[in-house]
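Chemist: Residue numbers (numbering that gives the first Met the number 0), protein chains in the order written: chain W, 0 to 133; chain U, 0 to 133.
If you're looking for bench data, these hints aren't it; they were derived computationally from the structure.
Do not take every clue at face value.
Identical copies carry no separate label here, and so any pair may be met within one copy or between two of them.
No farther apart than 25 Å at their CA atoms in a straight line, the calculated lysine-lysine pairs in the DSS-like style are these [as the list claims (entries may be wrong)]:
#1 K45 x K28
#2 K97 x K28
#3 K28 x K52
#4 K91 x K28
#5 K97 x K4
#6 K45 x K4
#7 K91 x K4
#8 K45 x K79
#9 K97 x K45
#10 K97 x K79
2 protein chains.
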Amino acid sequence: MLIRKLSDTRASDRNIVTDGWESARLLLKDEGMGFSFHITTMYAGKELHMHYKNHLEAVFVLQGEGTIEDLGTGEIHELKPGTLYALNAHDKHIVRPKTDIVTVCAFNPPVTGREVHDETGAYPADDSVVVLAS
Amino acid sequence: MLIRKLSDTRASDRNIVTDGWESARLLLKDEGMGFSFHITTMYAGKELHMHYKNHLEAVFVLQGEGTIEDLGTGEIHELKPGTLYALNAHDKHIVRPKTDIVTVCAFNPPVTGREVHDETGAYPADDSVVVLAS
């Protein structure tokens, strides 16, 4: 059994802070759960373009409000506490937080943690896991 | 992209209520995410004996307090908002909620939904997914 505290994770190198969002990675690939599990905050006023080409992701909103645009269909959905979106088809999307949005996220396959460090600068040519511009 | 609202799920047959806990299954096996994703409340004062022989589970506490006992090691851990426990070794355990504990849970492999209906009465002989007594 593994026990993780969000406060400990936020104080560790498993807490990633970028210009548009921050993410505390409670479980990564190394834990062997078959998914990774993150508490992620997307910042108010940002426009987050995301496309997880190699991962499926579920995102459950705990706090905050905004919208998500599905670039495949053009649909825009409201995000608020209690809403979950699942990127079951590697959906290209844009999240526009009106306020900071705090979420619980699960990824399959699990994120290794390495992708994130790449995001803070240039992306390796072979890193198609996370493509994010804010 | 799938959009799910907790309130809709709670009003549907994906919301399971038992004597010891209730669970809104936002994502089940059918969604094809490779994990299932639940909002589960464990009731105050119960003693929940659990053993997921065929699944790995991560549980993140949103609200409430209690303890979890790891029957493999004898250790007892506090549960409160911001604590995650991960059953990475099919750990036999007991959760004792002092108050109602609201959690986000992810299972790998995903729960089908069928196991739960079995829980409300007798367990099929071949159903070792969820063994719960409160």
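Chemist: Does each hint fit the structure? Answer for all of them.
Modeler: The hints, checked one at a time:
1. K45 x K28: neither (28 Å within a copy, 33 Å between copies)
2. K97 x K28: Neither way: K97 and K28 sit 31 Å apart in one copy and 32 Å across, limit 25 Å.
3. K28 x K52: Both ways: K28 and K52 sit 17 Å apart in one copy and 21 Å across, limit 25 Å.
4. K91 x K28: both (23 Å within a copy, 23 Å between copies)
5. K97 x K4: So K97 and K4 pass the 25 Å test across copies only (19 Å; inside, 28 Å).
6. K45 x K4: For K45 and K4, only the inter-copy Cα distance (23 Å) is at most 25 Å; the intra-copy one is 28 Å.
7. K91 x K4: Between copies only: 21 Å across, 32 Å inside.
8. K45 x K79: Answer is within: at 16 Å inside a copy they meet the 25 Å cutoff, but 31 Å across does not.
9. K97 x K45: within (8 Å within a copy, 40 Å between copies)
10. K97 x K79: within (10 Å within a copy, 29 Å between copies)
The structure fails hints 1, 2 (numbered hints given earlier, in ascending order).
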